[in-house]
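A.B. asks: Below, each chain spelled out in residue letters.
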Amino acid sequence: MDRTRILFFGIIFTALVIVTAVVLVTGGGGGRETAVGLIGSEKAPFFEDERVQEALQRNGLEVQVQKAGSREIATSFNLAEYDFAFPAGIPAARKIQQETGVSQTYTPFFTPMAIASWKPLADLLVAQGIATDMGGYYLLDMDQFLQLMAAETRWQDLPGNSVFPVSRSILLTTTDARTSNSAAMYLALASYVANEDNIVESLAEAQPIMPLMADLFLRQGLRPNSSQEPFEDYLIKGMGHSPIVLIYESQFIAQAAQNRAAILPEMVLMYPVPTIFTEHVLIPFSESGQKLGELLQTDPELRRLAIEYGLRNDDLTYFREFTGQQNIALPDSIVSVIEPPDYEVLEGMIQAIEQQYEP
Amino acid sequence: MTIRLRSWSSLLILLTAVLLLSNCSLANPANTMTVLAGSELRDIEPLLDEIEKETGIRLQLEYIGTLDGAEALLAGADFDLAWFSHARYLNLLEGGRGLIDTQEKTMLSPVVLGVKESKAHQFGWLDNPDVSWADIAAKASSGELRYAMTNPTASNSGFTALVGVAAALSDSNDALEAGKVNEEGLKEFFSGQALTAGSSGWLAESFVSSQADLDGMINYESVLLALNDSGQLDEELVLIYPQEGIITADYPLMLLNSDKREQYDELITFLRTPEFQKTLMTTTLRRPAVPGVALDSRIPDPLLVELPFPNTLEVIDALLFAYLDEQRIPAHAFFVLDVSGSMEGDGLRGLKDAMIGLTGVDQSLTGQFARFRGREKITILTFNETVQSIHQAEITDTDANSTTMAQIRDFVNGLEADGGTAIYSSLTEAYGMALAAQQTDPNRYYSIVLMSDGENTDGLNEGDFRHFYEGLAPEAQNIRTFTVLFGDADEASMAEIAELTGGRLFDSTTESLSLIFKQIRGYQ
Chain F
1 MDRTRILFFG IIFTALVIVT AVVLVTGGGG GRETAVGLIG SEKAPFFEDE
51 RVQEALQRNG LEVQVQKAGS REIATSFNLA EYDFAFPAGI PAARKIQQET
101 GVSQTYTPFF TPMAIASWKP LADLLVAQGI ATDMGGYYLL DMDQFLQLMA
151 AETRWQDLPG NSVFPVSRSI LLTTTDARTS NSAAMYLALA SYVANEDNIV
201 ESLAEAQPIM PLMADLFLRQ GLRPNSSQEP FEDYLIKGMG HSPIVLIYES
251 QFIAQAAQNR AAILPEMVLM YPVPTIFTEH VLIPFSESGQ KLGELLQTDP
301 ELRRLAIEYG LRNDDLTYFR EFTGQQNIAL PDSIVSVIEP PDYEVLEGMI
351 QAIEQQYEP
Chain P
1001 MTIRLRSWSS LLILLTAVLL LSNCSLANPA NTMTVLAGSE LRDIEPLLDE
1051 IEKETGIRLQ LEYIGTLDGA EALLAGADFD LAWFSHARYL NLLEGGRGLI
1101 DTQEKTMLSP VVLGVKESKA HQFGWLDNPD VSWADIAAKA SSGELRYAMT
1151 NPTASNSGFT ALVGVAAALS DSNDALEAGK VNEEGLKEFF SGQALTAGSS
1201 GWLAESFVSS QADLDGMINY ESVLLALNDS GQLDEELVLI YPQEGIITAD
1251 YPLMLLNSDK REQYDELITF LRTPEFQKTL MTTTLRRPAV PGVALDSRIP
1301 DPLLVELPFP NTLEVIDALL FAYLDEQRIP AHAFFVLDVS GSMEGDGLRG
1351 LKDAMIGLTG VDQSLTGQFA RFRGREKITI LTFNETVQSI HQAEITDTDA
1401 NSTTMAQIRD FVNGLEADGG TAIYSSLTEA YGMALAAQQT DPNRYYSIVL
1451 MSDGENTDGL NEGDFRHFYE GLAPEAQNIR TFTVLFGDAD EASMAEIAEL
1501 TGGRLFDSTT ESLSLIFKQI RGYQ
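Same order as they appear, the protein sequences are chains F and P.
Read the first sequence against the working numbering and you will find it ends at 359, with the numbers running on by one and no gaps.
Read the second sequence against the working numbering and you will find it ends at 1524, with the numbers running on by one and no gaps.
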C-alpha cells in the first residue's frame, strides 16, 4: 500500500471515529442513556406506548425491550448483555437474582390474577353454584372449580348446558409452568386450594397434591411460554378455542382501554376466590437499569400510564377513575388474596411437574 | 480495496452516506430478509411488493416441507426468518426452541374436511354442527368417503390433521398421552385416504384433476375456500368443522437472526396492522391474527373448538410412526431405475446411496420417516435396453438390520451400469406388475417412481406408452408415476409422463437423489 492511500484511509478512519463518537454521545440527538432489558411479554404494550417512551426520554432514558417468558429470563439469556430484567412475579425475580447475585429490586406495580371467559359460560358456572355474578364481573369459587377440573368434567357434562356442548374437559387455560410466571402463580393458587386453604410449606407437604397439580398443566397439552399468547388467543380465536383462560387483570383492562372493539360484549372478567397478586419486579444490572426502576416507581406520569395499562400501584384513586372512564366493571379492592409459597417450595413443585414432561 | 478518493468532496459524500445509512435503515440495500417458508405461503407473493413499499423490507422466500424445514434449521441453515403454518414440532425438537429469537402470529387457518355437496347432503351433514371425526371415520371405513390428505410426515396440513384426529378419537378429552391412542379408530379413519401427497398445494391441484374419484379433502380451510372460489370444481366442497374440535394453524413469523430484530419489529408491526390483516385475509382467505378485524364474508363462522396439542415429541413421533406403520393404507411402491451405461460412476453411486438410505440407514429426522415402513411392499425394477432385474420385498420388520432390509441393500449394492435406455418399455412392464398386484391386493396405495438419466433409446416410444396408459382401467390409471430428472435426462418426456399419470416431476440435477427420493416418499 502506497503512502497516499495510507493517508486517505487515515483521514477516512479519523473522520469515521469522530462521526461515530458524535452519534454515540448524542444518542442520535438528545443526550440520553439507553437501557436494554428483558421483560415479561405482558408488559410489552406498556413499553411500546409512545407516551411511555416520551416520558422516559424526558428523563434522559431510551428504553429497548425484548419479550420473554418471565421464568425463562434467568436461564435462557445472556444477562450480561442487558441493563435490566423485568419479569412478572416474585419467584421469577428471585430466580434471576440468584443467577446474577443482584440484590436490588424495584416493584413499581402489581396486578391480580384473573380469568377471561365468556358470558354464556360464566352464567353456566353461576347456575352450577360455582360462580357469582357481581354485576359486570364474576367471582369464581376456586375450591369448587378445582374439584370440577379434578373430576375431569367435560363442558357437555354440566347440567343444563345447551350453550357450549363441547366434549373438551373443563380446564383453566394457562401458559407453560416451566417458563411463565402466570402459570407459576396458578400453581401457587391451586396448591393452596388443594392443600385445604393452606400455603404449601414444604415439598413433603406438597407430595399428596402433586399428581393433581401436574395434571392441571399436562392435560392442557402444549402450552405457550409467555402470558401474552393465551390472552391473544382468547381475543382472536374465540370461545371454542379459549373458553376459560388465566390472565393478568391488567391485560384485560389494557385491551379494553386501547382497543375496545377487540373486547366483544360476551367477553367477561372473572376473579378467582381466593386470588393471588403478581408483582412486577425490575432487577437492574446497570445504572441505566437502576434509573428506569426509580422512574417507574416515582415519576407521576409513568405511574399514571402504568394504570392506563391496567396495572395497579398505591394510587387507587386514579385506578378507580381510569377504569370507571373506560366503563370496565371490576372490584377496586380484592379481599381474598393469598401469598405464594416460599421460593424453594414453588420451584420444587415446578421441577416435579417438569419431570413429568420427560418420557 | 479499490476505493479511491480524489477530493475532500468525495470524502464528504462518503461520510454523508455513512450518516444516512446509520440513521435510516430503509435506505440500506441490505434490507432483504431471507425466509424459510412453508410451501403454502406461496400465496403471499403478490403482497411482497406492498410489504416492501410500506416497510422497506424485501422478503425473499424459499419454500420447504415441514420436517425438511425443521431439519434444515437444526442443521444451521442460514435464514433471517422462518414462516410456517405452525412451529410446534420445531419448538418440541431438541435445540429447536433456542433457534427462535421471537415469534408472533400472522394469520389463522384451521385444518378441516371439505366434502362434496352431494355427499354432505347424502350423509345428513349439511348445516349439521354435530358431525364428529368419529362420523367421518365411520364413512371412511364403510368406503363411502374417499378423501385426499397430505402425508403427515411431509406436510403440515396432514400433520395437523393427524394430531387433531388422534386427539378427537381418543377416549381422553385432554392432551393425548402415549398409550391412549385409539388405534382402531385411526385405522378406520385413514382407510378413506385415497390420495396422499407431500405438499398441501400439490394435493389441492391433484384433487382438481381427480375430483371425479374423490369425495372430499382434508386441508387448510383457506385452501378449501380458495378451491371453491376458483371455479375449478364441478361440485362445491362443504366445509365440516367436526364437533370434537380442530387444530388451527396460526402462521408464526419467527425471527432466527437476532441481528435483524429491528427490521423484524418493523415488519411484524406492519403485518399485524388491521389494514394489512384485512388485505392478507382477502388475498389468502386465512383469518386475521389480530382482534377487531371483521371476518371476510366467504369465511364461515362456526364455533371453532380447539383440540389440545400433545406436549411431548415422543407422543407426536409415536403418532407419526403408527400412522406410517399401522394405520395408513399400506403402500406398494415401485421403483423403476435406470442402470444404463451413462449411470456408471457417480450416478450409480448416488442412486445406491438413495435407495440404501431408505432401508433405515439414514438416521436423520427426515430419513427416519422416509425409510421403508411397516407393511409396505417394495418392487425395484432396473432397466437398460430391457428390464434387467427385479427385487420384491414386503416390510414386516422395520429394523434397519432386518433380513428384508439387508436383502434390499444386497440387491442395490449389486447393481451395475451398462447398456441402453428403454424408458417406456420398462415403465409399461412396471404398470403391468402394479396392475396385477392391484387386482389381487386392492387395499394398497400404488405408485411408481421412474428415475432416468438419459433419453429413451430402445423399446416402446412415448406414443406407445400413452396408448397403453389410456387403455388402462380407471383404478389402474390412478397409479401415478413420479419422475426423477437426473443427469442428462429428457426433461420434456419425464414431465409428460408425470403429467399423463397425475404424478409429479422432481428435479435431481441440482439436488442429490437421496434428498429427492425422501421427498417422493411423501407421495407414495
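It is worth saying that the hints were derived from the structure and are not from the lab.
Mixed in with the good hints there might be a few duds.
As the list claims (entries may be wrong) - List time: in silico DMTMM-like cross-link candidates among lysine to aspartate or glutamate, alpha-carbon distance up to 25 Å: (1) K1180(P) / D157(F); (2) K119(F) / D1301(P); (3) K1180(P) / E152(F); (4) K67(F) / D1301(P); (5) K1180(P) / E354(F); (6) K237(F) / D1441(P); (7) K1278(P) / D1259(P); (8) K67(F) / D1441(P); (9) K1187(P) / E1429(P).
Claimed, not checked - Quick look at which bits of chain P chain F covers, simulated, 3 or more residues with Cβ under 8 Å: (10) 1309-1316; (11) 1397-1405; (12) 1449-1462; (13) 1513-1520.
As the list claims (entries may be wrong) - So, partial list: chain F residues that the calculated Cβ filter (under 7 Å) puts toward chain P: (14) A151; (15) L158; (16) P159; (17) V163; (18) S167; (19) R219; (20) N259; (21) Q351; (22) I353.
Every residue gets a Cβ at the ideal spot worked out from N, C-alpha and C, and that includes glycine.
A.B. asks: Indicate, hint by hint, whether the structure satisfies it.
C.D. replies: Against the structure, the hints:
{"no.": "1", "hint": "K1180(P) / D157(F)", "in the structure": "holds (21 Å)"}
{"no.": "2", "hint": "K119(F) / D1301(P)", "in the structure": "holds (19 Å)"}
{"no.": "3", "hint": "K1180(P) / E152(F)", "in the structure": "holds (15 Å)"}
{"no.": "4", "hint": "K67(F) / D1301(P)", "in the structure": "violated (32 Å)"}
{"no.": "5", "hint": "K1180(P) / E354(F)", "in the structure": "holds (21 Å)"}
{"no.": "6", "hint": "K237(F) / D1441(P)", "in the structure": "violated (45 Å)"}
{"no.": "7", "hint": "K1278(P) / D1259(P)", "in the structure": "violated (30 Å)"}
{"no.": "8", "hint": "K67(F) / D1441(P)", "in the structure": "violated (57 Å)"}
{"no.": "9", "hint": "K1187(P) / E1429(P)", "in the structure": "violated (32 Å)"}
{"no.": "10", "hint": "1309-1316", "in the structure": "holds (count 5)"}
{"no.": "11", "hint": "1397-1405", "in the structure": "violated (count 0)"}
{"no.": "12", "hint": "1449-1462", "in the structure": "violated (count 0)"}
{"no.": "13", "hint": "1513-1520", "in the structure": "violated (count 0)"}
{"no.": "14", "hint": "A151", "in the structure": "violated (12 Å)"}
{"no.": "15", "hint": "L158", "in the structure": "violated (13 Å)"}
{"no.": "16", "hint": "P159", "in the structure": "violated (18 Å)"}
{"no.": "17", "hint": "V163", "in the structure": "violated (10 Å)"}
{"no.": "18", "hint": "S167", "in the structure": "holds (6 Å)"}
{"no.": "19", "hint": "R219", "in the structure": "holds (4 Å)"}
{"no.": "20", "hint": "N259", "in the structure": "holds (6 Å)"}
{"no.": "21", "hint": "Q351", "in the structure": "violated (16 Å)"}
{"no.": "22", "hint": "I353", "in the structure": "violated (11 Å)"}
Going down the numbered hints, you'll see the structure goes against 4, 6, 7, 8, 9, 11, 12, 13, 14, 15, 16, 17, 21 and 22, while the others check out.
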